[in-house]
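S.K.: For reference, the chains in residue letters:
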Amino acid sequence: MPFGKRVPTGYLRVPMDTLVRVTDLSRSFGRHQVLSHVDLCLGTGQVLGLLGPNGAGKTTCLRLLGGMLAPTSGRIEILGVDLRRQPLEAKRHLGYLPERPPLYPELLVDEYLTYCARLRRIPRGGIAEAVKVARERCGLEDSGGRLIAKLSKGYRQRLGIAQAILHKPRLLILDEPTEGLDPFQMRELRGLIRDLANDAGIILSSHLLPEVQAVCDRVVILHQGRIQLDARMADGPPTNIWRVKLRERTNAERLTDLPHVVGAVAIGTGGFRIDLDREGTSADLARAIVEADLGLLELTPERSDLERVFFDLIGAEELT
Amino acid sequence: MIAVIASREVRSGLVTPLPWVLLGVGQVVLAWIFLQVIEDFSGLGAEERVASLTQEMTMNLFGFAAVIAMLAAPLLAMRMLSGEFRDGSFDLLDAAPVRLGQILVGKFVGLMVLLTPLCLLPAANILLLAGATEIDGGQVAAATLGLWLAALMFGAIGLHASSLTAQPGAAVLVAFGLLLFFSIVGRADALSTQSLSLFGWMSWNEHLFWFLLGAVRLGDLAYFILFTGFFLALTHRRLANRRLQ
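Chains as they are written, first to last, in the working numbering: chain S, 1 to 320; chain C, 1001 to 1245.
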């Protein structure tokens, strides 16, 4: 089980160099409570994945952390600075990529990044270097002279990330950073996030559970404005679990006799959860079932552990 | 930081066609009025002329230029806040270590830089006559100052309307509504038997009138600065409230 022990929120081990400390954060829009009693701590080197179904309060939580919304109650400290009392000081350490990259289509990429560098108060002499480094890190080396309006969605997303990391922030908040990226870009972004996490803390929200599992070392699941899970992701051995549906009535023992099968558990009518050894592949399993004449109807990979935990927490209605 | 934001606004403004179209259309309208005034004035005998040529020019050219500025300011301002709310680019400023006041003043300065060429157009037209006839430079300067101050106020109203909604079209309509109110509120004087001098005072055209006559009065200066400050303060409040809503 690649998940650590579930811990009550607010009692996680506090890292020595706390970047963000969120205490009892609540936010409501009118009568609608979007976020309630959220406690969170993040240290340097941590990548925190914020998960939750639509309307769970992820974006609200990130906007509160970015200082774009004021909390109804609670407190946010960034490097010990209260975001509400000293917003300018706190925001200096912050890099933020909103859901939609905040771009000006009429500007050139370099003009835009230079403007962002000035807004972030990078000293005049260091702006050109900062822009160059951010462009390189986000794969925009050859795009400096391109008009933002002419950029594809993936490139706009890259530019949004570039503006967020331009000033080497200690805390990076990324709202759906993989949105619009192709699989290659996603892999590059994963590397970039791990690279940035060497000297910063990163909070990212995503709908893509495998993406969060691949890049984050901690995951927070929000549902109906409350933290349902705050757990570290341990590096467990990779699993090789499959689900099959068979036409013929059989029992789990018969399946365990098949080659490469370590264990089998019956789930519902004709359904089994089968654990293969390291050498076994889905093709081996399919062949073995067909040869045993069990009438293979379905063969699907078992959901990742994060996915299972997610659905367990969010409730049975999403299971379908 | 104000200069950084203002220069970005100007840069973004200049690469879009809107200010150029406004300037072009403004010049065509002013040139037409210019020709009409010249024709009417030159058609009259010396004893029939009730006002000097400069007077005729300032009253007509600057009066129309004020109406053009009144149309232009909301159109230029709608992009600055309302358009940014809609496109999500305001988040960049919101997450940056910049005060709301600096954002607002930066945008207002940018708007004024874009509106200033429009305010200089009537003076440029009148100066074409400098070699041919005697022009009262003081009166033209006073009228230009008045027009610029009026544009300042229109800009502040435009920005305020722009801060109210994420729909730029709606922001323009709100701004036009407010500006129309400030244009016709002085008419309440004529409708009532009693003297309602407050309404007369609230109307911008009453104050601009004195500038066009060449009189720079403290009260008129105060009027434009007061209302500009008032609408900027309202906009600041609105931006601060967005974080609470």
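One should not assume that every hint holds.
[As the list claims (entries may be wrong)] Some but not every residue of chain C turned toward chain S, in silico, with C-beta under 8 Å:
| hint | residue |
| --- | --- |
| 1 | S1012 |
| 2 | V1015 |
| 3 | G1131 |
[Stated by the list, open to error] Far from chain S by the CB rule (all over 10 Å, computed), these chain C residues:
| hint | residue |
| --- | --- |
| 4 | I1005 |
| 5 | R1011 |
| 6 | T1016 |
| 7 | L1023 |
| 8 | G1024 |
| 9 | I1038 |
| 10 | F1090 |
| 11 | L1092 |
| 12 | D1094 |
| 13 | F1182 |
| 14 | L1198 |
| 15 | G1214 |
| 16 | L1234 |
| 17 | L1244 |
| 18 | Q1245 |
In short, the hints are calculated from the structure, not lab data.
Beta carbons are placed, not taken as given, at the ideal position from N, Cα and C, and that holds for glycine.
S.K.: Are the hints correct? Go through all of them and say.
M.R.: Hints, one by one, checked against the model:
no., hint, in the structure
1, S1012, "5 Å, holds"
2, V1015, "5 Å, holds"
3, G1131, "41 Å, violated"
4, I1005, "8 Å, violated"
5, R1011, "7 Å, violated"
6, T1016, "6 Å, violated"
7, L1023, "18 Å, holds"
8, G1024, "19 Å, holds"
9, I1038, "40 Å, holds"
10, F1090, "7 Å, violated"
11, L1092, "4 Å, violated"
12, D1094, "5 Å, violated"
13, F1182, "31 Å, holds"
14, L1198, "37 Å, holds"
15, G1214, "41 Å, holds"
16, L1234, "19 Å, holds"
17, L1244, "5 Å, violated"
18, Q1245, "7 Å, violated"
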